[in-house]
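J.: Protein chains in written order, with the working numbering: chain A, 1 to 130; chain B, 1 to 602.
By construction, these hints were calculated from the structure, which means they are not laboratory data. All C-beta atoms, glycine included, are put in the ideal place defined by N, C-alpha and C. Check before you lean on any hint, since a few could be wrong.
Rough simulated footprint, nothing fancy, chain B against chain A, three-plus residues with beta-carbon under 8 Å [what the hints assert, rightly or not]:
hint	region
1	28-40
2	45-54
3	68-81
4	115-126
Restraint-style ranges between C-beta atoms, simulated for each label pair [what the hints assert, rightly or not]:
hint	chain 1	residue 1	chain 2	residue 2	range
5	A	R109	B	G515	49 to 57 Å
6	B	H479	A	K115	49 to 57 Å
7	A	R109	B	H479	39 to 47 Å
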Amino acid sequence: MAYDPNVVCFSCKFGWDYVSDNKPETKVPENRVPVVCCGKVESNHILEAFKAGADGILILACQEGDCHYQDGNFQTSKKVYLLQKVLETFGVERERVRIEMGLDPEGARVEQLVKEMKTDLSKLGPVKRF
Amino acid sequence: MWTTVAKGPAAVEAAVKQLLPPCQVQCPINEDIQRTNVLISLLPDDPALAKQGIIQIGDYLYEKNPFFAVCGYVCGLCELECNYQSKGGSIKRRLLKRFLADTYIDYLDRKEELDLIKHKENIAVVGGGPSGLMAAWHLSKRGYRVTIFEASDRLGGALWLIPRYRLPEKVLASTCENIVRLAGIDVKYNAEMGNGKLSLEKLQHEGYSAVFMAKGTPQPRALTFMGAEVEGGDLSGIEYGHTFLYEVSHGNISPNYFKGKKVVVIGGGNVAFDAARTAKRLGGDTALVCLECEDKKSKDGIPADHEEIRGAWQEGIRTIYSRGVSKIFGAGNNVSGIECPKCTQVFDDAGFNPKFDVSDTIKLDADLLIVTVGQGADRAALQKDNLLDERGRIAVDPITMQSLNREWVFIGGDLRRIGFMVDAMRDGIEAAESIERYLRGLDVREGRKWTLESQDIPLRRYYLGEPEIEWTPPEKRMHFELFEHGFTLPQAVHEARRCLTCGPCLSCKACVSVGIQNSLSEVEVNADRCSGCGVCTSICYYGAAQSKQVEGKRKSFTDTFKCKSCGMCVVACPSGARELVGDPMHARINEVYANLSGAIGG
Chain A
1 MAYDPNVVCF SCKFGWDYVS DNKPETKVPE NRVPVVCCGK VESNHILEAF
51 KAGADGILIL ACQEGDCHYQ DGNFQTSKKV YLLQKVLETF GVERERVRIE
101 MGLDPEGARV EQLVKEMKTD LSKLGPVKRF
Chain B
1 MWTTVAKGPA AVEAAVKQLL PPCQVQCPIN EDIQRTNVLI SLLPDDPALA
51 KQGIIQIGDY LYEKNPFFAV CGYVCGLCEL ECNYQSKGGS IKRRLLKRFL
101 ADTYIDYLDR KEELDLIKHK ENIAVVGGGP SGLMAAWHLS KRGYRVTIFE
151 ASDRLGGALW LIPRYRLPEK VLASTCENIV RLAGIDVKYN AEMGNGKLSL
201 EKLQHEGYSA VFMAKGTPQP RALTFMGAEV EGGDLSGIEY GHTFLYEVSH
251 GNISPNYFKG KKVVVIGGGN VAFDAARTAK RLGGDTALVC LECEDKKSKD
301 GIPADHEEIR GAWQEGIRTI YSRGVSKIFG AGNNVSGIEC PKCTQVFDDA
351 GFNPKFDVSD TIKLDADLLI VTVGQGADRA ALQKDNLLDE RGRIAVDPIT
401 MQSLNREWVF IGGDLRRIGF MVDAMRDGIE AAESIERYLR GLDVREGRKW
451 TLESQDIPLR RYYLGEPEIE WTPPEKRMHF ELFEHGFTLP QAVHEARRCL
501 TCGPCLSCKA CVSVGIQNSL SEVEVNADRC SGCGVCTSIC YYGAAQSKQV
551 EGKRKSFTDT FKCKSCGMCV VACPSGAREL VGDPMHARIN EVYANLSGAI
601 GG
């Protein structure tokens with residue numbers, strides 16, 4: 001079977017996919033963690049994801065200057081940058097943690113973004129373990 | 001579009017409204033500005049879907065404020081207190097409301113009538129202006145049978161004096177008609193109080209258990225100089241601003257009526273500017289003379305809105321500041337000009353007390369004078385109805401609107417105190433509450449006065465500038481069509497997203513109402529773990545994370561009113577002392593992680 005990387009996606013509910021289709025029972029897509037603000041995502045959550053078997057983490061944040069909670073998206077992009085540096089020293093490629101800033105009420109782009117990330121991760125292969 | 005808007009945990013709690021965003025504190029009816037701004041910011045790009053959302057937001061606003069469409073054109077008081085003012089410009093709340101109104105007003109005519117059971121007493125409302133309509137709306141919703149007695153042949157009162165280039169006729173007419181249609185309010189037109197046919201006693205005999213008097217201030221104030229009426233006031237060619245605007249709104253004045261005429265408007269309020277800009281649109285060579293000076297910040301500053309002054313200036317209306325009128329000259333029976341001495345002081349500590357320097361006078365030519373220096377109530381009628389105190393003022397409780405002379409009479413709107421449209425609307429809401437309490441035998445005064453406080457602007461890295469509002473250029477707007485351009489959907493969403501939501505979550509709950517959150521979570525601090533380092537206080541944008549001295553040690557805590565539960569402090573806390581209680585994120589993370597294949601062992 002072809003290698004199918006796991007992508008865990010944290011998505012900001014004020015910027016992405018918030019137009020409900022009037023069906024509260026609609027299931028949240030697998031591997032998606034909707035958050036009220038991406039600023040709530042801790043470094044630990046990302047590390048735990050790798051530990052649990054994720055090959056990559058995609059964070060969907062609000063567009064710049066547009067955070068409902070003022071600067072959550074900025075704090076997260078700062079955190080992602082630093083975390084990438086740390087992970088690299090452990091042999092985990094920086095491409096495995098990605099942040100996308102934007103506004104997408106209907107969530108039309110989410111699937112495509114996950115797919116793109118999976119394609120890139122396929123080239124990297126699974127996380128190297130020590 | 002959304003599943004729920006205002007039910008269950010998504011409903012706004014009135015009891016906790018002591019702290020509100022500054023715009024809502026400023027708004028006399030404390031409209032839920034923040035909540036509806038957030039809802040606008042969450043509208044989808046798809047116009048058809050967005051329309052559903054707009055109607056839902058509109059329905060929510062309409063419940064409390066059936067005038068919101070009109071507010072969207074003429075109010076904007078909230079913008080004066082917006083925290084964003086100091087950081088790039090107030091949120092254009094008025095235009096956001098107008099944006100809603102542009103869609104909502106068409107829907108309004110099709111809106112279904114309210115399902116009301118009118119099992120309570122008959123109430124008479126005297127005057128069909130914003131105050132009377134508002135009282136009638138809120139009383140009907142509570143089950144009272146309301147009859148409005150309107151002196152003229154249409155509802156809306158003084159709102160009809162607002163020129164159509166600012167407030168389209170359709171918006172006003174539709175707003176008023178639909179209030180009475182939706183709430184099943186009975187209206188009697190051409191029913192003037194105090195002309196012999198209709199009196200308070202008669203209303204009482206006809207079975208009305210309470211009366212709300214909001215018949216406005218139809219009597220224009222005459223021009224005075226040093227305490228006496230100005231000489232020459234009986235010449236022809238002198239009109240009062242109110243009468244003039246009334247005639248224009250009724251279509252009784254033909255276009256170019258003032259062509260080739262010199263028109264001088266006297267007064268410095270918004271009504272004076274309405275009159276001047278209307279006269280200009282009718283072809284007059286128009287100037288405006290006012291006692292007040294140009295500097296709005298000074299105690300003698302001009303009271304008209306900045307936008308009005310700017311608009312008039314663009315349209316070529318000459319404003320002559322700091323001048324009174326001491327004499328009106330005539331040629332034959334007609335006005336030919338005025339004498340204007342310098343005004344050196346408008347107000348002193350006791351109030352309005354103008355002082356003049358008669359050695360410095362100018363003469364202005366005029367074919368027509370429009371006097372717009374205020375208006376007052378029909379005192380004789382009020383005296384007859386026994387509603388005045390011994391000093392000739394209206395005897396009324398300013399909080400409950402109850403007459404001090406007759407307990408079944410309530411007084412509000414301009415009649416009680418001249419103010420903005422929304423002040424009159426507030427009086428209507430308060431009177432409805434008082435009438436309900438009075439008729440149910442409850443304490444009318446208890447718990448009526450709240451102290452409302454607001455919060456400072458949240459901190460953020462950068463703030464965005466205000467959008468540019470487009471006006472039709474003056475050479476193309478000398479007619480009675482709107483000159484201000486409204487927001488498009490993307491513009492409205494962008495502007496609503498700019499709102500910093502400075503108010504507490506409890507008075508908003510927009511996120512809960514659209515399903516972004518199930519409930520509001522709360523930040524808890526584990527005091528044993530907290531080392532008092534203060535990282536949380538430096539990350540919090542709202543000043544909600546604070547620290548205090550507890551038994552000799554520094555400990556952090558959270559001000560729940562200011563807290564938005566964004567979780568920024570939870571992430572920042574180096575010792576894991578902070579936790580979001582009731583936050584479903586961790587459960588979801590565990591669920592997702594448990595299902596990942598190929599976990600790294602150990």
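J.: Each hint needs a verdict: does it hold in this structure or not?
T.: Now for the hints, and whether the structure bears them out:
1. 28-40: holds (count 11)
2. 45-54: holds (count 8)
3. 68-81: Contact hint for the region 68-81 of chain A vs chain B: holds, 7 residues under 8 Å.
4. 115-126: violated (count 1)
5. A/R109 to B/G515: 49 to 57 Å: 21 Å, violated
6. B/H479 to A/K115: 49 to 57 Å: Holds - the Cβ-Cβ distance for B/H479 and A/K115, about 55 Å, lies within 49 to 57 Å.
7. A/R109 to B/H479: 39 to 47 Å: Holds, since A/R109 and B/H479 (Cβ atoms, about 45 Å apart) stay within the stated range.
Of the numbered hints given earlier, the model fails hints 4, 5; all others are met.
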